[in-house]
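Undergrad: Chain order of the listed sequences is H and D.
Note that this note's numbering gives residue 111 to position 111 of the first sequence, counting from 1, and the numbers run on in steps of one.
Note that this note's numbering gives residue 105 to position 105 of the second sequence, counting from 1, and the numbers run on in steps of one.
Read the hints as simulated data drawn from the structure, not as lab findings.
Since this is a predicted model, take the numbers as computed values, not measurements.
No residue lacks a Cβ here, since even glycine has one placed at the ideal position from N, Cα and C.
Treat the hints with care, since some could be wrong.
[Said to hold, decoys possible] Cut-off 27 Å, straight-line C-alpha distance, at most; resulting in silico cross-link-like pairs (DSS-like, lysine-lysine):
(1) H:38 <-> D:11
(2) D:71 <-> D:100
(3) H:38 <-> H:16
(4) H:70 <-> D:100
(5) D:57 <-> H:3
(6) H:3 <-> H:70
(7) H:38 <-> H:3
(8) D:71 <-> D:57
(9) D:57 <-> D:14
(10) H:3 <-> D:100
(11) D:57 <-> D:11
(12) H:38 <-> D:57
(13) D:100 <-> H:38
(14) D:11 <-> D:71
(15) D:57 <-> D:100
(16) H:70 <-> H:38
[As the list claims (entries may be wrong)] Every beta carbon over 12 Å from chain H, so not counted as near; a handful from chain D, in silico:
(17) 12
(18) 76
(19) 78
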Amino acid sequence: AQKVTQAQTEISVVEKEDVTLDCVYETRDTTYYLFWYKQPPSGELVFLIRRNSFDEQNEISGRYSWNFQKSTSSFNFTITASQVVDSAVYFCALIPEETSGSRLTFGEGTQLTVNP
Amino acid sequence: DTGVSQNPRHKITKRGQNVTFRCDPISEHNRLYWYRQTLGQGPEFLTYFQNEAQLEKSRLLSDRFSAERPKGSFSTLEIQRTEQGDSAMYLCASSLGLEKLFFGSGTQLSVL
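Pulled out of the complex, with its shape left as it was, chain H reads as follows:
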């Protein structure tokens, strides 16, 4: 069974601050995929990133960056120079490789509030 833990329930920052959202996962599978999704107040889950367990390179996309560390089973997400529009609930999720199952397991989410 898989488990994803997002220990930070709520984070509040002031605009332009950097913020890191933590994600720790558990799985017995050797091959798996990790995801981050954003859920704004409208409710639709918006895909942000997908990372293969064999690819530990950090990734940067604009103001977003992700730090994947297999040794600590963590996949943290950093927003640089946060903006009010970043306010949302952010979910980390894991899905095992094809042969081990198909369900995407989500963490409980981190509510990020960016204040002007």
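With chain H held as given, fit chain D onto it using these hints.
TA: Just chain D now, with coordinates in the frame of chain H:
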């Protein structure tokens, strides 16, 4: 790419009634998933289809729940004899293989 479409957006029903939700996935996607999300929680997996075959069901999916995906296109999720505990957001997602899952906006169910 028109996205994943779910109908209705909101459904209010009385306890004991049956409800049915519909999901239209992205046309070329072979995988379709149903999730349930309650307030303050992450989405929980309910069931998964690959084409028309229902390959996996969660223990959350009691015998009052049934899902279909005829001809591997749209899917329906039916809840019979609804209970207040069924109140939640029901999310549908589709994907091509294990590429990113695209989610719909969900159907918010309220059971009175």
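Undergrad: Against each hint, give a clear statement of whether it holds in the structure.
TA: Outcome of the hint check:
1. Between residue 38 of chain H and residue 11 of chain D the CA atoms are separated by roughly 24 Å; this keeps the pair inside 27 Å, and the hint holds.
2. For the given pair, residue 71 of chain D sits about 23 Å from residue 100 of chain D by alpha-carbon distance, which is consistent with the 27 Å threshold.
3. Our distance criterion of 27 Å between C-alpha atoms is met by residue 38 of chain H and residue 16 of chain H, whose separation comes to about 19 Å.
4. Of the supplied pair hints, the one linking residue 70 of chain H and residue 100 of chain D holds, its CA atoms being roughly 21 Å apart against a limit of 27 Å.
5. Restraint check for residue 57 of chain D and residue 3 of chain H: the C-alpha separation of about 18 Å stays at or below 27 Å, so the hint holds.
6. For a cut-off of 27 Å, the pair hint linking residue 3 of chain H to residue 70 of chain H stands: about 15 Å separates their Cα positions.
7. Distance check on the hinted pair: residue 38 of chain H and residue 3 of chain H sit about 19 Å apart at the alpha-carbon level, within 27 Å; holds.
8. With a C-alpha separation of about 19 Å, the suggested pair residue 71 of chain D and residue 57 of chain D falls inside the 27 Å cut-off, and the hint holds.
9. This hinted pair checks out: residue 57 of chain D and residue 14 of chain D have alpha carbons roughly 26 Å apart, not beyond 27 Å.
10. The suggested pairing of residue 3 of chain H with residue 100 of chain D holds, with an alpha-carbon distance near 19 Å, which does not exceed 27 Å.
11. Straight-line distance between C-alpha atoms of residue 57 of chain D and residue 11 of chain D comes to about 23 Å, which keeps the hinted pair within the 27 Å bound.
12. Between residue 38 of chain H and residue 57 of chain D the alpha-carbon distance is near 25 Å, which keeps this suggested pair within the 27 Å criterion.
13. Between residue 100 of chain D and residue 38 of chain H the CA atoms are separated by roughly 13 Å; this keeps the pair inside 27 Å, and the hint holds.
14. Restraint check for residue 11 of chain D and residue 71 of chain D: the C-alpha separation of about 26 Å stays at or below 27 Å, so the hint holds.
15. A threshold of 27 Å between alpha carbons decides the hint, and for residue 57 of chain D with residue 100 of chain D the separation of about 20 Å falls inside it, so the pair holds.
16. Under the criterion of a C-alpha separation no larger than 27 Å, the hint pairing residue 70 of chain H with residue 38 of chain H is consistent with the structure, at around 23 Å.
17. With 12 Å as the threshold on Cβ separation, the claim that residue 12 of chain D sits away from chain H holds: the shortest Cβ distance comes to roughly 17 Å.
18. Listed as outside the interface, residue 76 of chain D is consistent with that label: its C-beta sits roughly 20 Å from the nearest C-beta of chain H, beyond the 12 Å cut-off.
19. For residue 78 of chain D, the non-interface assignment is confirmed: its Cβ lies about 21 Å from the closest Cβ of chain H, beyond the 12 Å cut-off.
Violated hints are absent here; each numbered hint is respected by the structure.
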